[in-house]
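Model the full structure from these sequences, guided by the hints.
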Amino acid sequence: MGTGFYWNSGPTYNVVGHAYSINVYIATWSNPVCSNCSTCPSGKHASSTCSSNSGIVCSNCSTCPSGQYISSACSSNSDTVCSNCSTCPSGQYISSTCSSNSDTVCSNCSTCSSDKYISSACSSNSDTVCTNCSTCSSGQYISSACSSNSDTVCSDCSTCSSGQYISSACSSNSDTVCSNCSTCPSGQYASSACSSNSDTVCSNCST
1 MGTGFYWNSG PTYNVVGHAY SINVYIATWS NPVCSNCSTC PSGKHASSTC
51 SSNSGIVCSN CSTCPSGQYI SSACSSNSDT VCSNCSTCPS GQYISSTCSS
101 NSDTVCSNCS TCSSDKYISS ACSSNSDTVC TNCSTCSSGQ YISSACSSNS
151 DTVCSDCSTC SSGQYISSAC SSNSDTVCSN CSTCPSGQYA SSACSSNSDT
201 VCSNCST
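For the sequence shown, UniProt numbering begins at 1 and goes up steadily by one.
Hint data in this document are derived by calculation from the structure and do not stem from the laboratory. Here a beta-carbon is modelled for each residue, glycine too, at the ideal position from N, C-alpha and C. There may be inaccurate statements among the hints.
[What the hints assert, rightly or not] Pairwise CB distance ranges (calculated):
#1 S182 - S119: 41 to 51 Å
#2 S192 - A169: 17 to 27 Å
#3 D156 - Y189: 33 to 43 Å
#4 C106 - S172: 40 to 50 Å
#5 T63 - S114: 46 to 56 Å
#6 S172 - S148: 16 to 26 Å
#7 N60 - S102: 16 to 26 Å
#8 T135 - S102: 42 to 52 Å
#9 C181 - S155: 23 to 33 Å
Listed below in C-alpha coordinates is the structure:
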(Lines of atoms letter the chains of each structure in order from A; the text may use other names.)
(Lines give C-alpha, C1' and ligand atoms only; values in the text may rest on other atoms or scores of the structure.)
Protein backbone atom coordinates (compact mmCIF):
# COMPACT_ATOMS: atom_id res chain seq x y z
CA MET A 1 0.00 0.00 0.00
CA GLY A 2 1.11 3.59 -0.58
CA THR A 3 2.57 5.99 1.99
CA GLY A 4 -0.09 7.53 4.27
CA PHE A 5 -0.93 8.58 7.79
CA TYR A 6 -3.89 8.78 10.21
CA TRP A 7 -4.87 11.00 13.24
CA ASN A 8 -5.68 10.04 16.92
CA SER A 9 -7.75 12.38 19.33
CA GLY A 10 -5.72 13.48 22.50
CA PRO A 11 -6.82 13.59 26.19
CA THR A 12 -9.09 16.42 27.68
CA TYR A 13 -7.68 18.81 30.30
CA ASN A 14 -9.62 21.28 32.62
CA VAL A 15 -8.00 24.76 32.72
CA VAL A 16 -9.40 27.51 35.05
CA GLY A 17 -12.83 25.97 35.21
CA HIS A 18 -13.20 25.71 31.52
CA ALA A 19 -12.90 22.51 29.72
CA TYR A 20 -10.45 22.60 26.92
CA SER A 21 -9.98 19.77 24.59
CA ILE A 22 -6.39 19.53 23.57
CA ASN A 23 -5.98 17.42 20.50
CA VAL A 24 -2.66 15.77 20.19
CA TYR A 25 -2.06 14.92 16.61
CA ILE A 26 -0.08 11.75 16.19
CA ALA A 27 1.07 11.18 12.65
CA THR A 28 1.81 7.56 11.91
CA TRP A 29 3.57 6.75 8.63
CA SER A 30 3.25 3.28 7.09
CA ASN A 31 6.13 1.85 5.07
CA PRO A 32 5.25 0.98 1.42
CA VAL A 33 4.96 -2.73 0.68
CA CYS A 34 6.72 -3.62 -2.61
CA SER A 35 6.47 -6.86 -4.54
CA ASN A 36 8.77 -8.18 -7.23
CA CYS A 37 7.33 -8.25 -10.77
CA SER A 38 6.63 -11.87 -11.63
CA THR A 39 7.21 -13.60 -14.99
CA CYS A 40 4.62 -15.62 -16.86
CA PRO A 41 4.89 -19.41 -16.68
CA SER A 42 5.26 -21.67 -19.69
CA GLY A 43 2.21 -21.56 -21.96
CA LYS A 44 1.41 -17.96 -21.04
CA HIS A 45 2.63 -14.52 -22.07
CA ALA A 46 2.49 -11.02 -20.59
CA SER A 47 -0.60 -9.30 -21.96
CA SER A 48 -0.04 -6.34 -19.61
CA THR A 49 3.37 -5.38 -18.26
CA CYS A 50 4.27 -4.78 -14.66
CA SER A 51 3.94 -1.12 -13.55
CA SER A 52 4.31 0.91 -10.34
CA ASN A 53 0.64 0.29 -9.55
CA SER A 54 -0.04 -3.20 -10.83
CA GLY A 55 1.62 -6.53 -11.38
CA ILE A 56 2.06 -8.39 -14.66
CA VAL A 57 -1.04 -9.86 -16.34
CA CYS A 58 -0.51 -13.26 -17.98
CA SER A 59 -2.67 -14.70 -20.78
CA ASN A 60 -2.71 -18.09 -22.48
CA CYS A 61 -0.53 -18.35 -25.59
CA SER A 62 -2.54 -18.30 -28.82
CA THR A 63 -2.64 -21.35 -31.10
CA CYS A 64 -2.54 -21.02 -34.87
CA PRO A 65 -5.61 -22.18 -36.83
CA SER A 66 -5.52 -24.57 -39.78
CA GLY A 67 -3.81 -22.98 -42.78
CA GLN A 68 -1.36 -21.06 -40.61
CA TYR A 69 1.94 -21.83 -38.88
CA ILE A 70 3.91 -20.38 -35.95
CA SER A 71 6.29 -17.80 -37.46
CA SER A 72 7.29 -16.56 -33.98
CA ALA A 73 6.83 -18.73 -30.89
CA CYS A 74 5.06 -17.55 -27.77
CA SER A 75 7.42 -16.29 -25.05
CA SER A 76 7.04 -14.80 -21.58
CA ASN A 77 6.91 -11.33 -23.15
CA SER A 78 5.02 -11.85 -26.42
CA ASP A 79 2.18 -13.91 -27.83
CA THR A 80 2.43 -16.43 -30.67
CA VAL A 81 2.71 -14.87 -34.15
CA CYS A 82 0.82 -16.85 -36.82
CA SER A 83 1.38 -16.55 -40.58
CA ASN A 84 -0.54 -17.98 -43.52
CA CYS A 85 0.94 -21.10 -45.11
CA SER A 86 2.61 -20.32 -48.44
CA THR A 87 1.31 -21.72 -51.73
CA CYS A 88 3.76 -22.83 -54.41
CA PRO A 89 3.77 -20.93 -57.72
CA SER A 90 3.54 -22.51 -61.15
CA GLY A 91 6.65 -24.57 -61.93
CA GLN A 92 7.09 -25.61 -58.32
CA TYR A 93 5.64 -28.30 -56.06
CA ILE A 94 5.27 -28.83 -52.29
CA SER A 95 8.35 -30.77 -51.17
CA SER A 96 7.45 -30.28 -47.48
CA THR A 97 3.92 -29.50 -46.35
CA CYS A 98 3.05 -26.65 -44.02
CA SER A 99 2.88 -27.76 -40.37
CA SER A 100 2.11 -26.06 -37.07
CA ASN A 101 5.78 -25.07 -36.68
CA SER A 102 7.02 -24.55 -40.25
CA ASP A 103 5.91 -23.03 -43.54
CA THR A 104 5.44 -24.86 -46.83
CA VAL A 105 8.69 -25.71 -48.63
CA CYS A 106 8.47 -25.32 -52.43
CA SER A 107 10.90 -26.90 -54.91
CA ASN A 108 11.33 -26.46 -58.65
CA CYS A 109 9.77 -29.15 -60.83
CA SER A 110 12.37 -31.50 -62.32
CA THR A 111 12.99 -31.62 -66.06
CA CYS A 112 13.66 -34.93 -67.82
CA SER A 113 16.87 -35.58 -69.76
CA SER A 114 16.78 -36.37 -73.49
CA ASP A 115 16.78 -40.16 -72.91
CA LYS A 116 13.75 -39.96 -70.62
CA TYR A 117 10.12 -38.90 -70.85
CA ILE A 118 7.57 -37.51 -68.39
CA SER A 119 5.55 -40.47 -67.12
CA SER A 120 3.86 -38.32 -64.45
CA ALA A 121 3.69 -34.55 -64.76
CA CYS A 122 4.68 -32.21 -61.94
CA SER A 123 1.69 -31.18 -59.81
CA SER A 124 1.15 -28.98 -56.76
CA ASN A 125 1.93 -31.94 -54.47
CA SER A 126 4.45 -34.05 -56.39
CA ASP A 127 7.52 -33.65 -58.58
CA THR A 128 7.86 -34.74 -62.20
CA VAL A 129 8.42 -38.49 -62.64
CA CYS A 130 10.92 -39.25 -65.42
CA THR A 131 11.16 -42.71 -67.01
CA ASN A 132 13.79 -44.10 -69.38
CA CYS A 133 12.71 -44.25 -73.01
CA SER A 134 12.00 -47.82 -74.13
CA THR A 135 14.20 -49.55 -76.70
CA CYS A 136 12.64 -51.79 -79.31
CA SER A 137 13.46 -55.48 -79.29
CA SER A 138 14.73 -57.53 -82.22
CA GLY A 139 12.07 -57.83 -84.93
CA GLN A 140 10.65 -54.41 -84.08
CA TYR A 141 11.24 -50.82 -85.19
CA ILE A 142 10.49 -47.38 -83.76
CA SER A 143 7.17 -46.29 -85.24
CA SER A 144 7.02 -43.23 -82.94
CA ALA A 145 10.13 -41.83 -81.31
CA CYS A 146 10.36 -41.10 -77.60
CA SER A 147 9.55 -37.45 -76.78
CA SER A 148 9.44 -35.31 -73.65
CA ASN A 149 5.85 -36.39 -72.97
CA SER A 150 5.57 -39.89 -74.43
CA ASP A 151 7.51 -43.14 -74.58
CA THR A 152 8.86 -44.86 -77.68
CA VAL A 153 6.24 -46.75 -79.69
CA CYS A 154 7.58 -50.03 -81.10
CA SER A 155 5.94 -51.98 -83.92
CA ASP A 156 6.65 -55.42 -85.32
CA CYS A 157 8.57 -55.46 -88.57
CA SER A 158 6.33 -56.24 -91.54
CA THR A 159 6.75 -59.47 -93.52
CA CYS A 160 6.38 -59.44 -97.25
CA SER A 161 3.57 -61.43 -98.81
CA SER A 162 3.88 -64.01 -101.57
CA GLY A 163 4.90 -62.36 -104.84
CA GLN A 164 6.94 -59.75 -102.98
CA TYR A 165 10.49 -59.41 -101.77
CA ILE A 166 12.29 -57.25 -99.20
CA SER A 167 13.67 -54.24 -101.07
CA SER A 168 14.69 -52.55 -97.79
CA ALA A 169 15.16 -54.53 -94.60
CA CYS A 170 13.55 -53.55 -91.32
CA SER A 171 15.86 -51.47 -89.11
CA SER A 172 15.62 -49.88 -85.67
CA ASN A 173 14.07 -46.75 -87.18
CA SER A 174 12.14 -47.99 -90.20
CA ASP A 175 9.84 -50.81 -91.24
CA THR A 176 10.46 -53.41 -93.95
CA VAL A 177 9.91 -52.15 -97.50
CA CYS A 178 8.30 -54.77 -99.72
CA SER A 179 8.26 -54.65 -103.52
CA ASN A 180 6.44 -56.80 -106.05
CA CYS A 181 8.50 -59.45 -107.77
CA SER A 182 9.34 -58.54 -111.36
CA THR A 183 8.09 -60.58 -114.29
CA CYS A 184 10.36 -61.07 -117.22
CA PRO A 185 9.28 -59.51 -120.53
CA SER A 186 9.05 -61.32 -123.84
CA GLY A 187 12.48 -62.46 -125.00
CA GLN A 188 13.72 -62.94 -121.45
CA TYR A 189 13.46 -65.63 -118.88
CA ALA A 190 13.86 -65.82 -115.09
CA SER A 191 17.42 -66.90 -114.62
CA SER A 192 16.97 -66.41 -110.86
CA ALA A 193 13.57 -66.64 -109.29
CA CYS A 194 12.20 -63.97 -106.95
CA SER A 195 12.88 -64.82 -103.28
CA SER A 196 12.09 -63.23 -99.95
CA ASN A 197 15.24 -61.12 -100.13
CA SER A 198 15.81 -60.56 -103.85
CA ASP A 199 13.88 -59.76 -107.01
CA THR A 200 13.59 -61.92 -110.10
CA VAL A 201 16.66 -61.92 -112.32
CA CYS A 202 15.77 -61.89 -116.00
CA SER A 203 18.12 -62.96 -118.76
CA ASN A 204 17.82 -62.76 -122.52
CA CYS A 205 16.77 -65.89 -124.29
CA SER A 206 19.43 -67.47 -126.48
CA THR A 207 19.00 -67.21 -130.20
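Here is what the structure says about each hint:
A hinted range of 41 to 51 Å for the beta carbons of S182 and S119 is consistent with their spacing of about 48 Å. In this structure, S192 and A169 meet the distance hint of 17 to 27 Å, their C-beta atoms being roughly 19 Å apart. Checked against the hint of 33 to 43 Å, the C-beta distance between D156 and Y189 comes to roughly 37 Å, which is consistent with it. Between C106 and S172, the C-beta spacing of about 42 Å keeps the proposed range 40 to 50 Å intact.
For the pair T63 and S114, the supplied restraint of 46 to 56 Å holds, since their beta-carbon distance comes to about 50 Å. One distance hint, 16 to 26 Å for the beta-carbon pair S172 and S148, holds here, with the actual separation near 21 Å. A hinted range of 16 to 26 Å for the beta carbons of N60 and S102 is consistent with their spacing of about 23 Å. For the pair T135 and S102, the supplied restraint of 42 to 52 Å holds, since their beta-carbon distance comes to about 44 Å.
For C181 paired with S155, a C-beta distance near 25 Å keeps the hint of 23 to 33 Å intact.
In the structure shown, no violation is registered for any of the earlier numbered hints.
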